[in-house]
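A.B. asks: If you read the protein sequences in the order shown, they are chains A and B.
If you want my numbering, it's the 1-based position in the first sequence plus 3.
If you want my numbering, it's the 1-based position in the second sequence plus 3.
All the given hints hold, so there is nothing to weed out.
Just so you know, same-sequence chains aren't split out, so a pair can sit in one copy or run between any two.
Below, a list of computed lysine to any residue pairs in the SDA-like style, where the Cα atoms sit at most 20 Å apart:
| id | residue 1 | residue 2 |
| --- | --- | --- |
| 1 | Lys68 | Asp358 |
| 2 | Lys286 | Asp296 |
| 3 | Lys33 | Ser227 |
| 4 | Lys17 | Pro373 |
| 5 | Lys96 | Glu6 |
| 6 | Lys96 | Gly340 |
Hints in this document: simulated from the structure, not taken from any laboratory.
Protein chains: 2
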Amino acid sequence: MFETIETPRLVLDKDRLAQNSQRFRALADKHNILLRPHLKTAKSVDVAAIALNGRKSAITVSTLKEAAYFAAEGYGDILYAVGITPNKFAHAKAIMDQYKGSLTLLTDNVAVTRAACAFAERERCVFSFLIELNSGENRGGILPESPDLLEIAQIFDACPAIDFKGVLTHGGHSYGTDSRAEIATIAEAERQAVTIAAKRLSALSIASPICSVGSTPTFLLGQSFAGVTEVRAGVYMFFDLAQFSRKICQIEDIALSVLASVIGHARQGPAVIIDGGAFALSKDDSANRFLPDAGYGYVCDPVTMERLEHLSVNEVHQEHGTIHLEDEAWFERLPVGSMVRILPNHACATAANFDNYLVVEKGSIMGEWPRVNRW
Amino acid sequence: MFETIETPRLVLDKDRLAQNSQRFRALADKHNILLRPHLKTAKSVDVAAIALNGRKSAITVSTLKEAAYFAAEGYGDILYAVGITPNKFAHAKAIMDQYKGSLTLLTDNVAVTRAACAFAERERCVFSFLIELNSGENRGGILPESPDLLEIAQIFDACPAIDFKGVLTHGGHSYGTDSRAEIATIAEAERQAVTIAAKRLSALSIASPICSVGSTPTFLLGQSFAGVTEVRAGVYMFFDLAQFSRKICQIEDIALSVLASVIGHARQGPAVIIDGGAFALSKDDSANRFLPDAGYGYVCDPVTMERLEHLSVNEVHQEHGTIHLEDEAWFERLPVGSMVRILPNHACATAANFDNYLVVEKGSIMGEWPRVNRW
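Please put together the full structure from these sequences, using the hints given.
C.D. replies: What follows is the structure in structure tokens.
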């Protein structure tokens with residue numbers, strides 16, 4: 004089916020995407036909670052339409068460029084879930100001015116809070132804000148017990164140009180374990196962070212209509228979402244070897260792959276060389292921690308998607324991927340010019356290397372979908 | 004100077020680029036050899052113009068997209084230095100048809116050789132070809148002593164639709180050492196590979212007008228280029244911590260950096276969080292082998308480009324970079340909203356994350372230069 008396709012290409016299996024999306028929507032229904040999908044992995048309105056079953060409801064983005072793109076497509080409730088800085092206020096305002104949708108911003112910093120209030124008052128606009136909480140990842144966010152929480156919320160509350168919406172946390176350290184029990188504990192830490200913070204703010208008569216948590220692993224394995232209003236998750240749409248390595252998905256759930264051609268036989272390896280290198284697959288190796296043979300991806304048959312025995316992409320250079328061989332018989336099975344599909348180590352990083360998806364559905368190519376990359 | 008710039012941005016120091024380019028042109032003059040710059044790092048006609056001092060002479064590219072872009076800009080001698088496969092023949096022909104320049108292709112495979120001859124005869128075009136040799140990297144290429152060398156050359160020689168141009172090797176394993184003596188040995192292995200192969204072909208009365216070698220380290224440290232007609236090198240234009248770690252450049256030679264903003268203070272780290280994460284800096288960590296504190300880049304003052312004591316970007320997530328702190332005084336020196344510039348671990352990988360350069364010259368912003376990414 005791919006004979007005339009020039010490689011490397013990013014291939015998206017629409018059937019698997021639809022199945023993964025349906026599964027996570029059902030999970031949200033089960034918990035009776037809003038799923039606000041994170042589009043940082045997909046960066047595509049076509050993927051978002053499937054994730055949300057055609058509704059342009061609440062979404063999460065990782066860049067203002069994504070925010071502008073989804074706003075232009077009619078998404079009216081967008082959360083930009085990376086701490087904002089004053090040099091991005093004008094861009095955020097421009098998006099809101101042009102599209103009239105709701106764009107919610109994030110901070111964990113008193114100085115940025117003051118600057119946002121001053122900017123919004125001066126520019127006569129209204130910024131919506133959440134406060135970012137640290138639930139144990141120790142990256143973005145303040146502790147729910149922090150005095151800064153109250154100070155930031157009070158500054159926002161006193162500012163007529165700010166629509167204060169509540170609190171958010173991301174238990175990103177859920178990626179650091181393959182223990183389902185530990186992930187469930189981290190999910191509970193996320194829940195505790197937002198509910199403790201909301202309670203402290205409530206004592207000051209400041210409401211938190213949004214209490215946002217999430218990651219794909221913690222959403223899947225969290226036991227209770229009491230007090231949480233929404234979950235964010237993104238990589239579940241595609242999954243990858245990193246999620247498989249942590250037992251979050253089955254190998255058959257992975258919807259993303261890179262189509263590559265064999266461009267050489269390294270007899271001295273022995274190795275097969277493909278045109279899927281670091282610039283196609285990325286150098287992300289986060290699956291390897293719990294799946295040592297992941298390499299830069301599993302090598303699969305391009306049509307059946309069955310893995311080719313134990314083959315992985317073991318080395319990557321800019322445009323070259325090297326597949327180590329134990330058996331030179333592979334030179335016969337994979338002649339130069341033949342194709343393989345590589346299951347990605349980390350879907351977010353691999354997808355970011357391409358400006359569009361080649362979409363396959365029921366075993367046939369059905370079209371191309373663009374992606375909104377960069378900033 | 005960067006106050007109004009939205010981050011992350013890729014910054015190119017034109018003065019350093021010009022200095023590095025001049026140094027390598029002088030080295031080529033000293034060896035009386037053609038420098039065919041590899042534009043896989045720069046992917047920019049503006050950078051190429053400086054590298055070649057305004058001449059549109061011979062260049063190397065890593066994708067057919069780069070080839071089409073440089074051909075359209077009037078470059079008439081382009082070498083696509085990645086093994087070609089039949090699914091790219093039509094694209095290569097289209098570039099040649101449209102632009103009339105010379106595009107030289109590469110293979111190390113008998114079957115591809117036959118397919119190229121058949122395609123060119125059927126399509127009534129002429130393909131120029133080099134044969135790729137393995138000089139010890141064991142990635143692309145056949146050994147110079149290989150029987151395939153003679154078979155491929157004889158097939159090409161007998162085909163009226165092929166302009167056979169000679170042999171090429173890349174001692175990419177020169178990146179695997181920081182020993183100047185070892186790099187010099189690898190440079191000699193490159194030279195031996197092409198001269199042995201050319202001699203074997205000459206015995207069959209097949210000329211090799213091109214004997215192409217190179218990488219930045221082997222060009223810099225090679226002792227003899229007797230019998231070599233040209234050298235390819237690319238990262239020398241920008242340099243990076245990977246080259247610095249191997250003593251190939253000084254820290255002050257590095258022309259590329261990523262401008263980033265401080266977006267948070269992680270008191271529990273303690274760490275400073277910036278908006279230069281994996282998608283801006285890349286996850287390439289190849290400098291760390293010989294420079295363990297390289298992390299994902301050195302953190303510098305945005306104007307003076309002096310490193311901020313021992314600060315590196317120690318962790319990256321998609322849009323977040325984490326700078327570990329030994330001293331919380333950095334929270335005062337780097338308030339949220341302040342900027343830093345990150346010297347890249349590996350310039351090729353970092354630059355690929357951006358569609359343009361913000362160019363600075365003599366301490367001022369002088370414009371933007373586009374890049375040709377993807378395939």
